[in-house]
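Spelled out, the chains give:
Protein chains: 2
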Amino acid sequence: MPLSWDEPISNELKMVDDMIRHEVQSQEDLLTEISLHIIGSGGKRIRPGVALLAYHSVGGDDPERIIGISAAFEIIHSATLIHDDINDGGDTRRGVVAAYRKFGVQQALIAGDFLFVRGFRLGGFLGQDLVDIIADACTSMAESEILQGRYENDPSTPVDVYLEIIKGKTAMPIEAGARTGATLGGGSPEQVSALGEYALNLGMAFQIIDDVLDITGNEDTLGKPRGMDFIEGKPTLPLILALNHGGNGTRLRKLFTKDEKTEEDVDEAVEYLLQTDILERSKEKAREFSKRAVDALDPISESEYKQGLTLLAEKVVDREF
Amino acid sequence: MPLSWDEPISNELKMVDDMIRHEVQSQEDLLTEISLHIIGSGGKRIRPGVALLAYHSVGGDDPERIIGISAAFEIIHSATLIHDDINDGGDTRRGVVAAYRKFGVQQALIAGDFLFVRGFRLGGFLGQDLVDIIADACTSMAESEILQGRYENDPSTPVDVYLEIIKGKTAMPIEAGARTGATLGGGSPEQVSALGEYALNLGMAFQIIDDVLDITGNEDTLGKPRGMDFIEGKPTLPLILALNHGGNGTRLRKLFTKDEKTEEDVDEAVEYLLQTDILERSKEKAREFSKRAVDALDPISESEYKQGLTLLAEKVVDREF
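Read top to bottom, the protein sequences are chains A and B.
Take 1 as the starting number for the first sequence in our numbering and just add one per residue.
Take 1 as the starting number for the second sequence in our numbering and just add one per residue.
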């Protein structure tokens, strides 16, 4: 059993990082600086990690191409983070000031476009089928951002809509990485499906926990202030459950639908959520997805890479990594 | 001799338009609406037109794939227009209100990302060499936006820097279309180079004339108020020439470097420019590029497609199309 989910691929993740740093070099120093600001600020590298593990878990053994594609997924992910911060008005990300705050909206917008292009460039050799998988995932990201915007400050957002939003914005990009890795690694159609199914469910669990941490975390561990989803009017699973909880749910509705929320509003909402069983119920939902992810790996034969994937899905709920 | 530059490919340009409209369909209606807002508002379709003419001029005769790629170039171009308008704060584009003004910055930003992805998706079959050409052109667009930002409101911008900016933002994307078209059409390396050279010079001439029209045009023909480059502090060729013109150049410098320019400032600057020979000198520079474009076509054998390319380069200076 590996000591951590990414132990079997730790060297390759370093190569992915080196490649990313190489790919974001630009004759305009500012573009490189903004890119490294977001890329150098950490992140769990789950997207490239899942792509690499999927590749090896089906027997892939010449990782040069999958390292390039893993870098592409992380670069595209960074592009969306920069643009998301502009759209959400978030001040900090991964514990550092958001790119648009530091460099200006115009520069951050262009840097996001630059990173999109650099990411897609790395996928140029893949051929139409795999490019389609990646582009469709990126399309879903954009669509789910619009969907999320439609339900901003809407206390009646159905849980199904929430699940559709996080599927598009988080789960499908991770799924695309797994499918690409499994395909390049020579996996059978059944194995590609299995790893795609694994990654989709992993992504759902991951995002639900992210949304729980927005309430239970603190600025040190989150890299941003707690309660941001609440402030931005984003309907997350814990908030949706709480808003339909009866009793204090009515008070929470009033706070949630306010256009400008004060620090006191946030504290009141967080305190309320911490007193209920709603966070536990949300984690239970994440556990369901996590279990589905592990179960999906059945057709994959045992290896340290499969163990890495299993470990990641198991630990994602307690975010012990 | 064709009646207009795009006559030999007018049916195919319609197919490109149909394909674009098909490709921007989204399950989120708003994304389709924003996309069609910019795409339906006209534009000269120079990018797809040059790609199609280049394809046929070297003997390409199965246009299905080049139609897809031509659509991709126009879609990516539309993405950059939407993001540029956010960055420049322009109110109108092609005679209609800018997308971000109508739909909001957040939605326009996401729609631009959506269009980028849809464009790149259409290039998925191309293979690494051609994807590199397209991605490098997109990289240059981002880099030249940053370069342009560095020289905003700078009255000492050298002409060379201006030429580098318009090369990256306008000429290289058109060049990429020509090279892609010529390659897919089965052109020899010499023909691909020749058509690339043609398109690069065409793009330079086109942008210089665009910058002249910003001064001589009116809102009806421009689709936006005149003097926008001046207001935004963008150093264009006529402005750079005027700022170094001695005499009234000093007064113009004062106006150009103001952060907030009034309507009177714009009128004064435009009137001044109209009284000098600077616009004629700028057009002369565009004519040089136009001539170089036509000359570059020497290795291409005669056909209505070559005639279309020639006509486009000749007419670009008087913008008679």
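It is possible that part of the hints are untrue.
Because identical chains share one entry, a pair is satisfied inside a single copy or across any pair of copies.
Said to hold, decoys possible - Here are the computed lysine-lysine pairs in the DSSO-like style, where the Cα-Cα straight-line distance is at most 30 Å: (1) LYS258 <-> LYS102; (2) LYS44 <-> LYS254; (3) LYS254 <-> LYS306; (4) LYS14 <-> LYS254; (5) LYS261 <-> LYS102; (6) LYS261 <-> LYS306; (7) LYS306 <-> LYS258; (8) LYS291 <-> LYS102; (9) LYS315 <-> LYS258; (10) LYS44 <-> LYS258; (11) LYS315 <-> LYS102; (12) LYS102 <-> LYS306; (13) LYS291 <-> LYS261; (14) LYS254 <-> LYS291; (15) LYS291 <-> LYS258; (16) LYS14 <-> LYS261; (17) LYS315 <-> LYS261; (18) LYS224 <-> LYS306.
Worth flagging that the hints you see were computed from the coordinates, not collected in a lab.
*Against which earlier hints does the structure fall short, listed by number upward?*
2, 3, 4, 6, 7, 8, 9, 10, 11, 12, 13, 14, 15, 16, 17, 18
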